[in-house]
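> Quick mapping for you: the protein sequence lines, in order, are chains E and S. Just so you know, the first sequence maps onto residues 192 to 550 in the working numbering. Just so you know, the second sequence maps onto residues 192 to 550 in the working numbering.
Derived from the structure by calculation, the hints contain no laboratory data. As the structure is a prediction and not an experimental result, all values here were calculated from the model. Please note: incorrect hints may appear among the correct ones.
A pair holds if it fits inside one copy or across any two, identical chains being indistinguishable in the list.
Said to hold, decoys possible - With a straight-line cut-off of 35 Å between C-alpha atoms, the simulated DSBU-like cross-links for lysine-lysine are:
1) K339 with K241
2) K407 with K512
3) K528 with K376
4) K407 with K369
Chain by chain, the residues:
Protein chains: 2
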Amino acid sequence: MNKNYYAVLMAGGVGSRFWPVSTSTYPKQFHDMLGTGTTLIQKTFQRLNKFIPTENILILTNERYNDLVLEQLPMVSQDQVVLEPAMRNTAPCILYAALKVQKMNPNGLMIVAPSDHWIEDETAFANDVVACFEKCEKEEVLCTLGIKPTFPNTGFGYIEFDKSDDVRIKRVNQFREKPDYETAKDFLTQGNFLWNAGIFMWSVSAIVNAFKTHQKEQYHLFEKGTSCYNTADEQGFIYENYPKAENISIDYAILEQSDAIFVLAATFDWNDLGTWGALYDKLDKDGNDNAVVNAGVLTQDASGNMIRTDYKKVVVVDGLKDYIIVDKEEVLLVYPKSKEQDIKKVLSRVKDTFGDQYA
Amino acid sequence: MNKNYYAVLMAGGVGSRFWPVSTSTYPKQFHDMLGTGTTLIQKTFQRLNKFIPTENILILTNERYNDLVLEQLPMVSQDQVVLEPAMRNTAPCILYAALKVQKMNPNGLMIVAPSDHWIEDETAFANDVVACFEKCEKEEVLCTLGIKPTFPNTGFGYIEFDKSDDVRIKRVNQFREKPDYETAKDFLTQGNFLWNAGIFMWSVSAIVNAFKTHQKEQYHLFEKGTSCYNTADEQGFIYENYPKAENISIDYAILEQSDAIFVLAATFDWNDLGTWGALYDKLDKDGNDNAVVNAGVLTQDASGNMIRTDYKKVVVVDGLKDYIIVDKEEVLLVYPKSKEQDIKKVLSRVKDTFGDQYA
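The following block holds chain E by itself, in its conformation from the complex (with noise of 0.2 Å):
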């Protein structure tokens, strides 16, 4: 493997469109959501781990997931959990990571990615990622994976190519934020639209310099740590300086700057397990067209429906169609797929009448 490949794996999120099973206790990215005996971030570990040696993974995560962590990728040590004192979006973990690579290694090379995702084809995207990982090396460019959209999905953003470049490897004419409807089927007319998937290859010193370029202040910030960064003193100057930094996504912050950005259209599939509709439209079906995970089930007229329990628990449906059924010890949801997007609402009643617990 190649010693100069590092991965950074944004495991801070919380997923609350996959509540009650995502909880801020116990978010997403590590449950087994599709029922397969392993949970996201593991899989998504495994995936990178393949081209990317262990010890060069970073795991960027908030305090409270610490022990998740460690307990469920016990290949990583403590060294490896990058811990965010405050929720700051991505723009400063991304920075702090990459400057504690480059001080491991100036000629390290990075891949950000999310940790909850779902990628079937992993040999596909270990290529994509190394071929722009090959294009990162020889030029100071920041490179991105563009999903092919397969319908105008508004609940993502776009990444606009430049349709003149016939090369593999695009240049990005802009980033464009989430469409409304009529939108995103014109973007989808015009061809030259991928979905952005937040999965995105630089060199260390590539994005260290684009943010000297584009966000001083920030870079002022977190530069004047690198003497204590991966050593005893790094955990002092974080919790200091940490808080101090702009609330800002990566997005904002560097990509929509820079004039040096790339994308590679992804050659595998891809699902973000946005919402429990996404996670339905992944899993097997049975032969009404229920989507199961976990639960064992007696259906009657009920068909398109998403059951989930947390054991083998057993699930009497009769004439529902299109509903999430979600069953854990405290909560029970019964809930129209079509709804999906208000389940953050939902969250929020639950919150105010039955207490955080429950969140």
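Starting from the known structure of chain E, arrange chain S on it as the hints suggest.
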């Protein structure tokens, strides 16, 4: 309290239409179905115990429920729990219990009553029973309490009384099996029909004589054990002879044969809690007509539902109308209230598919 008053509580049934709460290992009568803090058998015992001495109340049940009875009714001694070694319907166990009571007290008057019904007005109940006891003390008759029908229910048997009889306790013309809807409507129009609630009162001598007349074989089978009853020899005799008894209900064996049956129209309200819908009717409703037991519920566009959990679990329901939603540790049921009579069939499918442990 009148020392001649006895009660025989029928507590051997399984209540399978209340699955999954009611199961063969833990039937309905041992559950707190209404969420009042008292199980149905406890409530029934308390109601009878207001005018019948504690030691005069026998519990007729199956061996497997012996421990449940003693646990839930700690004031009852093992001698008061009469165990059927085999399922032989109601006639054999009532005769057996009557012979036991007769040996204790030849002047005994006994009520036979289900342990899993709901009666709100306990004073009215006591008054009605005592009125019948007083008739049974003076005359060799068999009495029953009938319930004034509120709608043409096809799920109950009916008792037709003599219209010309202008006293309170009227002579019964005949017992009528569960009618079809048109017949039930006709019964209501005629006005001299009551629901058969399975509540009977008689002197022990009257019921034993009725068996002697109408069920000679069964009478002789149990009569020859008289010297054993209420002694250490009873169990041996019953184990040997009980299984030989004909499987027949008290209605067929005696009530439809005798011409000395009388009925008193109950002055109390009554609910057999025979189905989830019957339970729903008895419970308080929230602002959307949902009846909730134990659960903490958040609903949206959901009304007329019967929602029950084993403990205070949060249940979020969106868009369901007139459903039964019952959750317990190993089973979740989401089922239309209109099909509640089919829950027995569901139970049998569950047994076939997942095994007897869920039943």
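> At most 35 Å between CA atoms: does that hold for K407 and K369 within a copy, between copies, both, or neither?
Answer is within; shortest intra-copy Cα gap is 28 Å, inter-copy 85 Å.
> At most 35 Å between C-alpha atoms: does K339 with K241 qualify within a copy, between copies, both, or neither?
This pair counts as within: shortest intra-copy Cα distance 24 Å, inter-copy 77 Å.
> Within a copy, between copies, both or neither: which one fits K528 and K376 at a CA-CA cutoff of 35 Å?
within (23 Å within a copy, 43 Å between copies)
> Pop the pair K407 and K512 into one bin, within, between, both or neither, using alpha-carbon distances up to 35 Å.
Result: close neither inside a copy nor across copies, 53 Å intra and 58 Å inter.
Checked against the numbered hints given earlier, this structure breaks only hint 2.
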